[in-house]
Amino acid sequence: MNQSTSCDALLVSDYMNGNETALCELITRHKDKVYRFIYSKVYDRDVAEDIFQDTFIKVIKTLKRGAYNEEGKFLPWVMRIAHNLVIDHFRRNNRMPKFENKDDFNIFSVLSDGSLNAEKAIIKDQVETDVRRLIEELPEDQKEVLIMRIYKEMSFKEISEQTGVSINTALGRMRYALINLRKVIDKHNIILTN
Amino acid sequence: MANLYSEPSRAERVSKNLVPKEETIKFLLDYSKALSVIDYHNLKFEALLN
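Protein chains in written order, with the working numbering: chain A, 4 to 197; chain B, 8 to 57.
This is chain A alone, in the form it adopts within the complex (with noise of 0.2 Å):
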């Protein structure tokens, strides 16, 4: 331990001295130690490199300013920046609050806008227009009845007062008009989803 700090004093001197590989040196001695310093804060690959950046960069201008006062505690030092800067960036983030979607959660799962979009919106008023055109193609008799349930909302008793046959029958005329829009639907692939 005493020898790695010395020998870092030792590379900071030299690089201080103008010695560039000094600094190579000491960027690979001690980069992941700060680059998982920094992730463990954050939890983001492209924030957390963005701040070690900041962190040698600031590391970088004070030694070639002349300004760091050697101690023997390089690390320490370097770590300290490091944690300035995550602070720094949450201090950011909480004036403009970010949120990210991670894998297992995603924000707009649970937030949603009710209403279609223009292309949904289209896409519905064709399936019903469809709909439409394939109940035309039903005999009379299941059209009533069909059109009565779904469209009007009767129930069945009611259906079966006004077209004056028995509730059985226009259940089975109901169930016809389904069966036969279905048949119509699979010969034909029609698609009917939004």
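Any given hint might turn out to be false.
[Unchecked claim] In silico PhoX-like links for lysine-lysine, alpha-carbon gap of 20 Å or less:
no.	chain 1	residue 1	chain 2	residue 2
1	B	K33	A	K64
2	A	K36	B	K23
3	A	K34	B	K23
4	B	K40	B	K51
5	B	K28	A	K67
6	B	K40	A	K67
7	B	K33	A	K36
8	A	K61	A	K76
9	A	K34	B	K51
10	B	K23	A	K61
11	B	K23	A	K64
12	A	K36	B	K40
13	A	K67	B	K51
14	A	K34	B	K40
[As the list claims (entries may be wrong)] Listed next, with one range per pair, are the computed distances between beta-carbon atoms:
no.	chain 1	residue 1	chain 2	residue 2	range
15	A	D116	B	E30	37 to 45 Å
16	B	Y47	A	K105	21 to 29 Å
17	A	D35	B	L50	32 to 40 Å
18	A	K123	B	K28	38 to 46 Å
FYI, nobody ran anything at the bench for these hints, they're computed from the structure.
All C-beta atoms, glycine included, are put in the ideal place defined by N, C-alpha and C.
Dock chain B against chain A, hints included.
Same frame as chain A, now just chain B:
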């Protein structure tokens, strides 16, 4: 045998495979080479030379 209920710290839980990108390291080394600090009457000016 007694169970251990202690949890590793957040930093320890971070995967060992997480490392900074090569580009970032290269950028930092290039930045360092390009940066020079000019001293002038107790003032320090930073200059980026490409």
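Here is what the structure says about each hint:
no.: 1; hint: B:K33 to A:K64; in the structure: holds, 16 Å
no.: 2; hint: A:K36 to B:K23; in the structure: holds, 10 Å
no.: 3; hint: A:K34 to B:K23; in the structure: holds, 12 Å
no.: 4; hint: B:K40 to B:K51; in the structure: holds, 17 Å
no.: 5; hint: B:K28 to A:K67; in the structure: violated, 24 Å
no.: 6; hint: B:K40 to A:K67; in the structure: holds, 10 Å
no.: 7; hint: B:K33 to A:K36; in the structure: holds, 18 Å
no.: 8; hint: A:K61 to A:K76; in the structure: holds, 16 Å
no.: 9; hint: A:K34 to B:K51; in the structure: violated, 28 Å
no.: 10; hint: B:K23 to A:K61; in the structure: violated, 25 Å
no.: 11; hint: B:K23 to A:K64; in the structure: violated, 29 Å
no.: 12; hint: A:K36 to B:K40; in the structure: violated, 24 Å
no.: 13; hint: A:K67 to B:K51; in the structure: holds, 10 Å
no.: 14; hint: A:K34 to B:K40; in the structure: holds, 18 Å
no.: 15; hint: A:D116 to B:E30: 37 to 45 Å; in the structure: holds, 39 Å
no.: 16; hint: B:Y47 to A:K105: 21 to 29 Å; in the structure: violated, 51 Å
no.: 17; hint: A:D35 to B:L50: 32 to 40 Å; in the structure: holds, 37 Å
no.: 18; hint: A:K123 to B:K28: 38 to 46 Å; in the structure: holds, 41 Å
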